Structures are given as C-alpha cells and as structure tokens.
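J.: If you want the building blocks of each chain, they are given just below.
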Amino acid sequence: AQKVTQAQTEISVVEKEDVTLDCVYETRDTTYYLFWYKQPPSGELVFLIRRNSFDEQNEISGRYSWNFQKSTSSFNFTITASQVVDSAVYFCALSEAERDDKIIFGKGTRLHILP
Amino acid sequence: GAVVSQHPSRVICKSGTSVKIECRSLDFQATTMFWYRQFPKQSLMLMATSNEGSKATYEQGVEKDKFLINHASLTLSTLTVTSAHPEDSSFYICSATRQGGQKTQYFGPGTRLLVL
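From first to last, the protein sequence lines are chains L and R.
Oh and the first sequence: position 43 is 43 in this note's numbering, straight run, nothing missing.
Oh and the second sequence: position 3 is 3 in this note's numbering, straight run, nothing missing.
Bear in mind the hints are in silico, worked out from the structure with no lab data behind them.
Any given hint could be a false lead.
Stated by the list, open to error - Negatives, chain L to chain R, calculated, CB over 10 Å: (1) V14; (2) K16; (3) S42; (4) Q57; (5) S61; (6) F68; (7) S71; (8) S73; (9) A81; (10) Q83; (11) A88; (12) S95; (13) D101; (14) I103; (15) K107; (16) L114.
As the list claims (entries may be wrong) - Residues of chain R placed beyond 10 Å of chain L at every Cβ, according to the derived structure: (17) G16; (18) L46; (19) T97.
Stated by the list, open to error - Straight-line C-alpha distance at most 30 Å; calculated BS3-like pairs for lysine-lysine: (20) R:K103 to L:K38; (21) L:K38 to L:K107; (22) L:K3 to R:K14; (23) L:K107 to R:K41; (24) L:K70 to R:K103; (25) R:K103 to L:K16; (26) L:K70 to R:K55; (27) R:K55 to L:K16.
It should be emphasised that the depicted structure is a prediction, and the values quoted were computed from it without experimental measurement.
Cβ coordinates follow ideal geometry from the N, Cα and C atoms, glycine included.
Required output: the full structure, derived from the provided sequences and hints.
T.: Below is the structure:
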C-alpha cells in the first residue's frame with residue numbers, strides 16, 4: 001500500500017535559520033513520483049517539485065533543496081535561511097506509475113517562521 | 001504558467017440546498033481534473049477524477065450521487081454538492097493536468113463551504 005508519513009506536525013524556527021521537513025514514503029511500485037507542495041494561509045496549493053523514482057539526484061532551487069534517498073525511502077525538504085513568507089503547511093506526496101493521476105498526500109507539516 | 005481558478009472562493013448555504021463549485025484552467029487545456037476535500041488541519045483527500053466528456057471516477061467511500069461532477073469542456077469542471085448538510089462543510093480544492101504535458105497537477109485556490 002502507498003503511504004506518506006510526515007512525522008513533524010508543526011515546527012517553529014526563527015527567521016534565517018535552516019529547517020528540514022521530513023518525509024518518508026511507502027510504495028510497492030518501482031516507478032513512482034514524489035512531490036512537495038506548499039499551502040500558505042490563503043489555502044492555495046503551490047507546486048514545488050516533482051521527482052521520479054529513477055532520479056536520485058538532489059535538487060537545489062534557490063533557498064530550497066531536496067534530498068531523495070531511496071535506501072531510506074525518504075524525500076526530505078530543506079529551506080535555507082528561512083523567511084517569514086515561508087510560513088505555511090508543506091505537504092509531501094506520492095503517486096505510483098500504475099495510477100499516476102492519484103496523489104497520496106502526507107498529513108502536512110505546519111511551519112512557523114518567527115521574526 | 002498553469003493557472004487554475006475556482007468559483008466561488010467561499011460559500012455559506014442552508015442545510016438541504018445544493019451548491020455548485022466551478023473549476024477552470026485559465027491558460028491551458030486540462031486533460032484531467034481532480035476534486036479534493038480537505039478538513040481543517042488535515043490532508044487533502046482525493047474525491048474523484050474527471051476527464052472531459054466522460055463520467056467521473058470516484059474514490060472509495062465518496063458518494064457519487066452526493067457529489068456530482070460534470071466535466072463539460074477541456075477547461076471547466078463543476079462539483080455540485082447536493083442536499084448539503086453541515087458535515088459537508090469543508091475546503092474543496094480542484095486540480096488539473098495539462099493536455100499533452102507531464103502529469104503535474106496544478107491546484108486551484110480552493111472553495112470553502114460552510115453548511116448551516
């Protein structure tokens with residue numbers, strides 16, 4: 001069965017600190033996709049990244065970076081030099097190739113960046 | 001860009017009435033549109049998947065007669081909550097994937113439904 005676990009329900013850090021959001025997934029498929037979405041207080045989901053299971057390279061985009069480790073079934077997300085505008089709920093998600101239109105979301109991590 | 005809009009953004013209705021929510025892809029044609037439901041401080045749960053011109057596919061446990069989905073064109077899908085009750089109060093979010101593109105889902109801003 002497919003499952004996404006975000007163990008951190010809520011995190012608070014002071015502005016400019018680095019913060020890592022953890023994501024662990026379960027799937028029986030060898031081909032799958034992993035996602036991160038940001039949901040600010042307005043409610044709209046913002047797509048951050050999509051990674052397929054064959055691409056284990058870490059990715060950096062500005063202050064955001066992602067660490068994909070198949071050996072531990074993890075896809076962690078790090079924000080460097082956090083800013084108040086980063087405050088949001090972040091969802092990690094998974095879809096399997098067999099049914100790649102269905103995204104299974106984790107429960108989300110609520111991130112508070114304190115000024 | 002890939003912009004998805006929803007209308008209305010917020011709706012309050014009386015118990016027993018029906019509410020229609022629209023989801024539009026503004027700058028692309030959407031192969032498939034999805035409807036999700038999100039309870040406060042909870043994750044998103046997929047309700048149904050709809051393709052233009054065909055019947056929607058509902059997830060297990062979602063009543064298709066309760067949540068009517070119509071996907072009339074490549075840019076518009078509607079969700080109608082029929083005979084709404086207070087337990088239907090929730091945040092409803094749609095998403096869409098581009099025709100011919102990767103299957104990345106682009107999400108709308110959501111519709112907050114409150115049934116009194």
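J.: Taking the minimum C-beta separation from D101 of chain L to chain R, is that value above 10 Å?
T.: Violated, because the least Cβ-Cβ distance between D101 of chain L and chain R comes to about 6 Å, which does not exceed 10 Å.
J.: Taking the shortest Cβ-to-Cβ distance between I103 of chain L and chain R, state whether it exceeds 10 Å.
T.: violated (6 Å)
J.: Could you check that no beta carbon of chain R comes within 10 Å of the beta carbon of A81 of chain L?
T.: holds (26 Å)
J.: Checking a non-interface call: every C-beta of chain R should be farther than 10 Å from the C-beta of F68 of chain L. Is that right?
T.: Fine: 17 Å to the nearest Cβ keeps F68 of chain L off the interface.
J.: Is the nearest Cβ of chain R still more than 10 Å from the Cβ of L114 of chain L?
T.: L114 of chain L clear of chain R: closest Cβ-Cβ about 20 Å, beyond 10 Å.
J.: V14 of chain L clear of chain R by more than 10 Å, beta carbon to beta carbon?
T.: holds (23 Å)
J.: Take the C-alpha atoms of K70 of chain L and K55 of chain R, compute the straight-line distance between them, and say whether it is at most 30 Å.
T.: violated (37 Å)
J.: Far enough from chain R: is every CB of that chain over 10 Å from the CB of K107 of chain L?
T.: violated (5 Å)
J.: Checking the smallest CB distance to chain L, is T97 of chain R really beyond 10 Å?
T.: Given that some Cβ of chain L is not farther than 10 Å from that of T97 of chain R, nearest at about 7 Å, it is violated.
J.: Does the claim that S95 of chain L lies outside the interface with chain R hold up, using a Cβ gap greater than 10 Å?
T.: The claim is violated: S95 of chain L sits with its nearest Cβ about 8 Å from chain R, within 10 Å.
J.: Given the hint that K55 of chain R pairs with K16 of chain L, does the C-alpha gap stay at or below 30 Å?
T.: Given that 30 Å is the threshold and the Cα spacing comes to 49 Å, the pair is violated.
J.: Is the Cβ of S71 of chain L more than 10 Å away from each Cβ in chain R?
T.: holds (26 Å)
Hint violations for this structure: numbers 3, 12, 13, 14, 15, 18, 19, 22, 25, 26, 27, all remaining hints satisfied.
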